[in-house]
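Each protein sequence line maps, in turn, to chains D and B. Here my numbering is used: the first residue of the first sequence is 5, the next is one more, and so on. Here my numbering is used: the first residue of the second sequence is 3, the next is one more, and so on.
Derived list of chain D stretches under chain B, where covered just means 3 residues or more per stretch with a C-beta under 8 Å from a C-beta of chain B:
no.: 1; region: 10-21
no.: 2; region: 47-59
no.: 3; region: 146-157
no.: 4; region: 220-229
Just a sample of chain D residues kept apart from chain B, beta carbon distances all over 12 Å, derived:
no.: 5; residue: E109
no.: 6; residue: R171
no.: 7; residue: R234
Worth flagging that the hints you see were computed from the coordinates, not collected in a lab. Using N, Cα and C, we set each Cβ at its ideal position, and we do this for glycine too.
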Amino acid sequence: MHIRRMGESALLAEVPDARAAVELYGRLRVDTPEWVVELVPAACTVLLVFDCERIGASQAGAWLAATAAWARGARSTSRHESEPPAPASVAADPRTRSGAVSPSEPVEILARYDGPDLGEVAALLGIGVDEVVHRHTGQLWTSAFIGFAPGFAYLMGEHEPLTVPRRETPRTAVPAGSIALAAGFCGIYPRASPGGWHLIGTTEARLWDVGRAQPALLAPGTRVRFVRER
Amino acid sequence: MSGEAWVTAGLGPGGLAGFEVVASGALTLLQDAGRPGYAHLGVTTSGAADRGAYAAANRLVGNRPGAACLEVTFGGLRMRALRTAFVAVTGAPATVLVHRARASAAPFESPSGYAFTLFAGDVMEVAAPTEGLRNYLAVRGGFAAEPVLGSRSADVLSGLGPAPLEAGDILSVSVEAADWPPDAFIPPLLPNAGPVRLRLTRGPRDDWFGDRGWRALLDSLWTVSADSNRVGVRVSPSEGGVGLRRAPGYDGELPSEGMVAGAVQVPPSGHPVLFLRDHPVTGGYPVIGVLTEAAVDRAAQLRPGDDVRFIETRR
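Looking at chain D on its own, in the form it has when it is part of the complex:
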């Protein structure tokens, strides 16, 4: 992992891919010191914004590096052998501070496979429409990061058999609830907006609601399963 400075109060951690980014993000959310202002996972980075009046960049970077090292260790060894590093300023017990990432049951999204690009996606992949639906419902997806609009999650599949490019011509209006594919990700439009992804279906799930305690249904790290609506 490489760490780059990003101004007076942010660090950018570079990791190989989106999976590594959301994994690091999950670790950083387990025991987050109070001087952390933002943690933002993306395609192959995690941005850490810190309160520069409370901590220096080198200490913030040390916490980032130590947490990343522990995350790598946790992958290769069994759980209870690898303890998180305990920086002086935070409690050593990760359970004392609430983390946003929990290994709870996947969110189920009821989907109608009625998108205008379903046939084109099938043609691009050289498979039938039913097989597209089968592959979409047949795997577990994970929210890697959010971008583009509040609540718009980039969902990674367990395997990558549904990788299609963006549409050559973006649409000026995509309806809210559209389920779409592009660039190896699946996304659901939280509200009507322009968009360049291939639309394969629709859902009535509320992806974004500022009135909820968790405004985004698919916060980074959330696992998702699509269920075909009958």
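With the hints as your guide, set chain B onto chain D.
Positioned in the frame of chain D, the structure of chain B alone reads:
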């Protein structure tokens, strides 16, 4: 990307009707210290574009830090007081005019940087600034509005928070304030003598432009473009200059990554964009450098046509 999430400004919780908007000016928004902590959900921090001027306005009327103010873009705001109110205007150098309701009272004129009292019926106007772009109008107690994700800031990128002010709106004022005002007056910005100097640190993606690109950023004179807003300020090379060129081998695409206010992002045109408070949470163009906090405030006061120089600061 706008519309449904806007909530109407006006009578907020626990407030008293304080003002009627007579004219909104080009763009007047409610702003506070923003909504940090939601970037991972796609929500940018937002909040007052010039944090220093915003905090100063609240200090002048003895508000708690974080109270909501009006952010007036290039003047034109006129509003009528519906009750006695202690107000202050800070930010860009501008004249504040008060037409008193009582026929025998003389009109009152003040530069920005002072606090004064309005009585019911008085009409105050914030004129277009002589330099700079944004003024902050605080009222003792703070403007009241329904918070969205803990903030009363209008985020123009995602449409969260109160709608822009319109003529006829009734603005309500909260009754929570702090103690005596800690400041009596805030000195205005010094006039520009030559280009505005913005300090920045190098990176994180300066390697995309190499030493030559970094020198070109610092050595060139840049001019603020008209298509600038709370999301970002665009600059282009002044008289005959050229945009920044990428270093050899860096012609691919950068995967989207997290952004911060002050990030100087360089799109393929080579004309930098300086991100302000409503910046997108992620972006896919390389960030050559990041403005200091003070420089972000100064950038928020840039107006189209202003000349800019970038100065490297070491951390």
